[in-house]
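K.L.:
Whole structure, please, built from the sequences with the hints as guidance.
The sequence shown stops at residue 1163 when you use our numbering, and every number in between is there.
It is possible that part of the hints are untrue.
EDC-like mimics (lysine to aspartate or glutamate), calculated; alpha carbons at most 20 Å apart, straight line [to be verified]: (1) K1071 <-> E1025; (2) K1119 <-> E1079; (3) K1071 <-> E1055; (4) K1119 <-> D1086; (5) K1119 <-> D1141; (6) K1119 <-> E1108; (7) K1071 <-> E1051.
These are calculated hints, taken from the structure and not from any lab test.
Keep in mind it's a predicted model, so treat the numbers as computed, not measured.
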Amino acid sequence: MIVYELRHIYFVHKDEYVDSCRNLGIFSSSESVHEAIQYYNDRLGFCDNQKAYSIRRREVIGQVTDNIVYEALINPHTEDYEYDYGVELGLFGSESDAKAAINVYVQDNIDFMSDGDVMRDCIVNRCMIDRTYCAEGFTVYEY
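P.N.:
Here it is in structure tokens:
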């Protein structure tokens, strides 16, 4: 299944650098993502930056049930988040498949994952399709 991820990516660099990236949702069709953009264009912050939307097609691995997908991520970062990076492992039709992808990544990258200078969060985001928000919370898994 192909879904459409919507983000609002806005930055300004004049006297002060401002960087704002907001995940706005995952949608089932091009039509529904454009309806969401119209919804956000009436909202504070988005209405002043209507050219800052980013739409990305993403393939879901596995069968989607109940209009929910699970995004698997690894987030290496320092304690103060001065260094903060995201590794996307994919969108999955089930939480168990997302967790399995994290376990495979950890096994394939055991040296990287065990380096004590950087913290690594293993995250599965539960995302409802065709809602005007994406993550409904996240769980950090220990490895």
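K.L.:
Against the structure, test the hints numbered earlier, and report the numbers of the ones violated in rising order.
P.N.:
Nothing - there is no hint that the structure violates, so all of them hold.
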